[in-house]
Amino acid sequence: MKKIILLVILFGILIYIGCDKVSNLEYNIDSSACNSCGECIQICPVDAIEFGSDGKAVIDQTKCNQCGKCVTICPKDAIH
Amino acid sequence: MRKIILILLVIIFTYLHLCGLTQWMQISLRNFTTDAEHDIDIITGATPQAETIDTASKDGIYWQHEISGNLYTNLSFTLENDLFVSDLSHEFKNSFFYNDAKIKVYYQNESQYLKLQYANRTYNPAATNFLNIPGVEHSTQQQMVHNTALHYKGHHGRFFISLYGNLRNLDYEYLTIEEDDVYESESAWDNDIYSYAEFSYKITDIWKAFVSGYYKDDLNSFNEFDDSNLGIGLEFDNRFDFFNAVKTKVVYYNKNFDSIDDEKDHYFLTEARYTKRFGNSLTGFVTYINRSCYDEDQSKFFRISNMLRIHAKYSYLTYNMKDSFILAGIKYNPENEGNLVFGEMNQYLFKDVYLTAGVKYANELFGTCSAKCEYFVTPLRSIWINNKFTNFNKKSTQNIFSLGTTLIF
Numbered sequence: 000m001k002k003i004i005l006l007v008i009l010f011g012i013l014i015y016i017g018c019d020k021v022s023n024l025e026y027n028i029d030s031s032a033c034n035s036c037g038e039c040i041q042i043c044p045v046d047a048i049e050f051g052s053d054g055k056a057v058i059d060q061t062k063c064n065q066c067g068k069c070v071t072i073c074p075k076d077a078i079h
Numbered sequence: 000m001r002k003i004i005l006i007l008l009v010i011i012f013t014y015l016h017l018c019g020l021t022q023w024m025q026i027s028l029r030n031f032t033t034d035a036e037h038d039i040d041i042i043t044g045a046t047p048q049a050e051t052i053d054t055a056s057k058d059g060i061y062w063q064h065e066i067s068g069n070l071y072t073n074l075s076f077t078l079e080n081d082l083f084v085s086d087l088s089h090e091f092k093n094s095f096f097y098n099d100a101k102i103k104v105y106y107q108n109e110s111q112y113l114k115l116q117y118a119n120r121t122y123n124p125a126a127t128n129f130l131n132i133p134g135v136e137h138s139t140q141q142q143m144v145h146n147t148a149l150h151y152k153g154h155h156g157r158f159f160i161s162l163y164g165n166l167r168n169l170d171y172e173y174l175t176i177e178e179d180d181v182y183e184s185e186s187a188w189d190n191d192i193y194s195y196a197e198f199s200y201k202i203t204d205i206w207k208a209f210v211s212g213y214y215k216d217d218l219n220s221f222n223e224f225d226d227s228n229l230g231i232g233l234e235f236d237n238r239f240d241f242f243n244a245v246k247t248k249v250v251y252y253n254k255n256f257d258s259i260d261d262e263k264d265h266y267f268l269t270e271a272r273y274t275k276r277f278g279n280s281l282t283g284f285v286t287y288i289n290r291s292c293y294d295e296d297q298s299k300f301f302r303i304s305n306m307l308r309i310h311a312k313y314s315y316l317t318y319n320m321k322d323s324f325i326l327a328g329i330k331y332n333p334e335n336e337g338n339l340v341f342g343e344m345n346q347y348l349f350k351d352v353y354l355t356a357g358v359k360y361a362n363e364l365f366g367t368c369s370a371k372c373e374y375f376v377t378p379l380r381s382i383w384i385n386n387k388f389t390n391f392n393k394k395s396t397q398n399i400f401s402l403g404t405t406l407i408f
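These protein sequence lines are chains A and B, in that order.
Numbering that gives the first Met the number 0 numbers the first residue of the first sequence as 0 and each following residue consecutively.
Numbering that gives the first Met the number 0 numbers the first residue of the second sequence as 0 and each following residue consecutively.
With the rest of the complex left out, here is chain B (with noise of 0.2 angstroms):
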């Protein structure tokens, strides 16, 4: 058996490589380290990239940092950064630059928890959207976005409140394009804010009603891009037992959003899951989501969308076999044609070397497969290596080849 999948392996690559797909080189480094006496936890980790785009090739490198620790008892923070900078920039990351920043202050103890947060994106050379901003029809250009937060959850009894509010800045550059040239650039930003209050009372155990608000005001337009709602909802949330366990919630909501046909104004929400476990190896969950809406001209329930997802995993608990397992689900999706069927496998081979591949498959939207093999050399430190192809639509393929590292320290 090892033996097959091993030269199977090879022949996948050996394919890959003769396709001229691979031009993909990656070293992820992660170090993890713990200041005991301070209680602050730092991770780095960079990953220098190139990859292959149809027939053209890009260079890239991600930086990660995340810091951690607790300032007070009960006080504790998080500053995280994400930089990507690479030479070119394609469907999936519309800039050549991208820096993600997080501050996060959070406030807990039993009955109340308090969050902060300040975060920052840059985009260099700004990224070209089409941004739907009220006066704005031809392109722009994002430079920068500024989020400002604030989330507070407490509880008194089975009384429980949550108020979230959020500041968004969007930088931007305003183009007017005739024939391929820019003639026009000025700048100008976009505000946003976005407020949600949720009040809900545990009714038993396992039922709880729920009333929500929430309130959208697009500062730069006349109410075009206002959004606001106001929902009553009811969950059901019960583990049965060791092996069963459902939850579902229903929410109806009153809409009001001028840019967005009324007949979505009466919407209902339907989400159902179901955990089912048939002894200690086989594992399941089923996830069903409907939204629909009541038009009140012509007196009809129409329907928005329905998903439908079941995961079915097997885990071998074998002492020899490790954290092995292998996984297998469906998304139904018929309203969004977002069908799609996936599998996932993670296999010990032998001696600390462990074998990971999966596949999935959307129809009309893309086919991707994968193949990972890592061996550890210690339980902190492993090299690998990581094969990726997806093809999209037909009309573009992609493909990633990586060699790497990973080091915890």
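Chain A with its partners taken away, still in its complex shape (with noise of 0.2 angstroms):
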């Protein structure tokens, strides 16, 4: 167990210091965190928000503009 999270730890630390950011951003939602509410859905402006298989909300990221609205209204700040 110990070998696992060291080396996601490592993993961290090399892709935050040795890579740059991409040029876009992009947001998500963590799926775990998530609880289903619908609150990001309704405030989308460009409606790029459903609910997926499993019942938790995803983004189209073809559709988002990258506004944020998203972040600031979750309930559980599951969107990063």
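In short, the hints are calculated from the structure, not lab data.
Do not take every clue at face value.
Said to hold, decoys possible - Here are the simulated DMTMM-like cross-link-like pairs (lysine to aspartate or glutamate), alpha carbons at most 25 angstroms apart as the crow flies:
{"no.": "1", "chain 1": "B", "residue 1": "Lys248", "chain 2": "B", "residue 2": "Asp236"}
{"no.": "2", "chain 1": "A", "residue 1": "Lys75", "chain 2": "B", "residue 2": "Glu79"}
{"no.": "3", "chain 1": "A", "residue 1": "Lys20", "chain 2": "B", "residue 2": "Glu334"}
{"no.": "4", "chain 1": "A", "residue 1": "Lys20", "chain 2": "B", "residue 2": "Asp296"}
{"no.": "5", "chain 1": "A", "residue 1": "Lys20", "chain 2": "B", "residue 2": "Asp257"}
{"no.": "6", "chain 1": "B", "residue 1": "Lys114", "chain 2": "B", "residue 2": "Glu79"}
{"no.": "7", "chain 1": "B", "residue 1": "Lys248", "chain 2": "A", "residue 2": "Asp53"}
{"no.": "8", "chain 1": "A", "residue 1": "Lys55", "chain 2": "B", "residue 2": "Asp296"}
{"no.": "9", "chain 1": "B", "residue 1": "Lys299", "chain 2": "B", "residue 2": "Asp257"}
{"no.": "10", "chain 1": "A", "residue 1": "Lys68", "chain 2": "B", "residue 2": "Asp296"}
{"no.": "11", "chain 1": "B", "residue 1": "Lys254", "chain 2": "B", "residue 2": "Glu343"}
{"no.": "12", "chain 1": "A", "residue 1": "Lys55", "chain 2": "B", "residue 2": "Asp99"}
{"no.": "13", "chain 1": "B", "residue 1": "Lys371", "chain 2": "A", "residue 2": "Asp53"}
Dock chain to chain to rebuild the complex, using the hints, since each chain is given by itself in its own frame.
Written out as structure tokens, the structure reads:
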């Protein structure tokens, strides 16, 4: 278990220090934190969020305009 | 201690009233009934409300229904309807009238699960949106969304399969606006098909390998907003003992969407979650999610986002403290400037009176604090007062003061 945790930590540090940030922003939803309340679906101005197969909200990246309103409204802080 | 908390509560509410920030009243009624003979549950609830945002006040009502039950052995259904009506739209509710209806039918046995769902979302007057629809460069007003979805999950031995399809239809009004006047309006629609398939194999009790495919077809466009990807991944899920559990997942996606940069074609998702219990009272978890990509043209890895979330919760397990707890956590998300700190507590005060309080602060986004005091007349009936104040990036404030009752029959 300790080896797995260490590997993940090392991986994160390596990516964070060694890689540049991608040119355009992308928002995603942590499905383990989402409580399926639908607040983000109501607030999204470009209709880019829907419930997925597991009943959790999913962002359609082809429609998202990265306004970030869903990040503010999410009661579980699941959008990152 | 209890006196201090009560005094603090009175001071907070008095201060908010003096600031003219509390113009909000909420009465929440919730009725739960069970028909034992037919095994049908019915839940209804209504919440009239008034709210102040900056200087504007808004009145509205939430009305919620849920009916669920069994049709035959292994076959069940759920009907849900959420209605929201108000006299003012604002940034967080972009329509005066909002109705969300869902019909779900499930079939489930030991090795298979099938769900058929129809969902309808209606706005009236229509919500003004800026939909990313090819050929539409002006404002649009969405009227109604229809979703019809089918989801199948099954397993045979160590093989698992999951299939999902969703047909989505959006009815909207195309507006041409000139000098704040709408001079042309035309009805239109947009159809999307979303489909997903995943096949997985459980190598051992803790290791699982999977492949997945996703395809989205925007039926109105000529491939411009289509999206597809193929994924392959490995998952590790192990509860070592009562005190330690780890779940990790690494997935590679080969993405193909014309509307997004090619640099994300080779996409890597890494998720890790470690849950720890320190005895019976103190629990916590750490979640880390990384999204990265490899750009073939530059032969270089790029980071898309990193998200680290840490939670710790202390529960009072002594009988006289009932369900009291203290929770604190942080979320670190540097790429999307979504860093957040938060805390929450639920404190049993005395004689069936509880105090719940929370604070949350996200740099450059918002800060919010809330407090709720609830008295349980019986275990199924309570009265409460609640106040929540939010400051959105020092540009706008929202205050919600509520006085309500919850009744469970």
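Against the 25 angstroms threshold, does the CA-CA distance of Lys55 of chain A and Asp99 of chain B hold or violate the hint?
Measuring from Cα to Cα gives roughly 16 angstroms; hence the hint holds.
25 angstroms limit on alpha-carbon distance, applied to hinted pair Lys299 of chain B and Asp257 of chain B
Holds. Lys299 of chain B to Asp257 of chain B sits at ~21 angstroms (cutoff 25 angstroms).
Given pair status - Asp296 of chain B, Lys55 of chain A, alpha carbons within 25 angstroms:
violated, 35 angstroms
Holds or violated: are the alpha carbons of Lys371 of chain B and Asp53 of chain A at most 25 angstroms from each other?
Measuring from Cα to Cα gives roughly 32 angstroms; hence the hint is violated.
Keeping to a limit of 25 angstroms between CA atoms, is the pair of Lys68 of chain A and Asp296 of chain B held or broken?
Violated. Lys68 of chain A to Asp296 of chain B sits at ~33 angstroms, over the 25 angstroms cutoff.
Restraint check for Lys75 of chain A with Glu79 of chain B, where alpha carbons must lie at most 25 angstroms apart
holds, 22 angstroms
Hint check: Lys114 of chain B vs Glu79 of chain B, CA-CA at most 25 angstroms. Holds or violated?
Holds. Lys114 of chain B to Glu79 of chain B sits at ~15 angstroms (cutoff 25 angstroms).
Is the hinted pair Lys20 of chain A and Asp257 of chain B satisfied, with a Cα-Cα distance of at most 25 angstroms?
holds, 21 angstroms
Can you confirm whether the C-alpha distance between Lys254 of chain B and Glu343 of chain B stays at or below 25 angstroms?
violated, 40 angstroms
Mind checking the alpha carbons of Lys20 of chain A and Glu334 of chain B for me, to see if they're no more than 25 angstroms apart?
holds, 7 angstroms
Taken at face value, is the distance from the CA of Asp53 of chain A to the CA of Lys248 of chain B at most 25 angstroms?
holds, 17 angstroms
With the threshold set at 25 angstroms, check whether the alpha-carbon distance from Lys248 of chain B to Asp236 of chain B stays at or below it.
holds, 9 angstroms
Comparing the model with each earlier hint shows violations of hints 8, 10, 11 and 13; every other hint is respected.
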